[in-house]
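Residue numbers (my numbering), protein chains in the order written: chain A, 1 to 115; chain B, 1001 to 1115.
For the record, the hints were derived by calculation from the structure and aren't laboratory data.
Quick caveat: nothing in here was measured; it's all calculated off a predicted structure.
Where a beta carbon is used, it is the ideal one built from N, C-alpha and C, also for glycine.
Accuracy of the hints is not assured; some may be wrong.
Stated by the list, open to error - The following label-pair restraints were derived from C-beta to C-beta distances:
#1 A:N62 - B:P1061: 30 to 40 Å
#2 B:S1005 - A:R63: 22 to 32 Å
#3 B:S1062 - A:F64: 32 to 42 Å
#4 B:S1005 - A:T3: 24 to 34 Å
#5 B:T1076 - A:Q14: 41 to 51 Å
#6 B:E1020 - A:Y97: 29 to 39 Å
#7 A:A16 - B:E1020: 39 to 49 Å
#8 A:F64 - B:S1005: 18 to 28 Å
Claimed, not checked - Computed list of lysine-lysine pairs in DSBU-like fashion (alpha-carbon distance at most 35 Å, straight line):
#9 A:K70 - B:K1057
#10 B:K1099 - B:K1057
#11 A:K73 - A:K114
#12 A:K73 - B:K1015
#13 A:K70 - A:K114
#14 B:K1057 - A:K55
#15 A:K78 - A:K114
#16 A:K73 - B:K1011
#17 A:K55 - A:K70
#18 B:K1099 - A:K70
#19 B:K1099 - A:K55
#20 A:K55 - A:K73
#21 B:K1015 - B:K1057
#22 A:K78 - A:K55
#23 B:K1099 - A:K78
#24 B:K1011 - B:K1099
#25 B:K1017 - B:K1057
#26 B:K1057 - B:K1011
Chain residues, written in single-letter form:
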Amino acid sequence: AQTVTQSQPEMSVQEAETVTLSCTYDTSESDYYLFWYKQPPSRQMILVIRQEAYKQQNATENRFSVNFQKAAKSFSLKISDSQLGDAAMYFCAGVGYNQGGKLIFGQGTELSVKP
Amino acid sequence: GAGVSQSPSNKVTEKGKDVELRCDPISGHTALYWYRQRLGQGLEFLIYFQGNSAPDKSGLPSDRFSAERTGESVSTLTIQRTQQEDSAVYLCASSPTLKKSETQYFGPGTRLLVL
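Same shape as in the complex, but just chain A:
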């Protein structure tokens, strides 16, 4: 079984500042992928970044980066130089080796950005 836990229901950041969203992914598998998805008020889920469990290097996509600590089961998302358009629900998700593409999602963190 896999569980994804996001312990921060809400977070707030000042525009241009940096914020980190937390996630833990618990699984007995050694090979899996982790994702961060963004859901703005329009409801359209958009992929932000992905990380393969076997890769030691943390993924980076422009202002977004992850800190993946496999032993600690931690998968946090760092947003640098926050922009007003970053305000959204952020979901952490994972998929195991034999799970097809079946994503298991956390409960989400609502991020607000203050001007």
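Once you have looked at the hints, place chain B on chain A.
Only chain B this time, still in chain A's reference frame:
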């Protein structure tokens, strides 16, 4: 089309009625997924298709829920004898293959309200 589309956008129905929700995936995408998102919650996996085959139906909440897919095209999620607890946003996603590394591209969802 450029992305995943779903119809209707919103559906209000009376308890006990049947509803059909439609998903048009991105052309050429083999894999198609259905998720349910209750208010303030994360996404809950329902079912996925590889082509028109559904290898994993484990997420369907009850036998009132069924889904089918025509070839590698349109999918329909049917809920029979709707109950108030079925009220949620139903999201569809597609991906080129079933590889766990693939990005899932989501539609805007259908918001279902059962009165």
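Could you work out which earlier hints the structure fails to respect and list their numbers in ascending sequence?
12, 16
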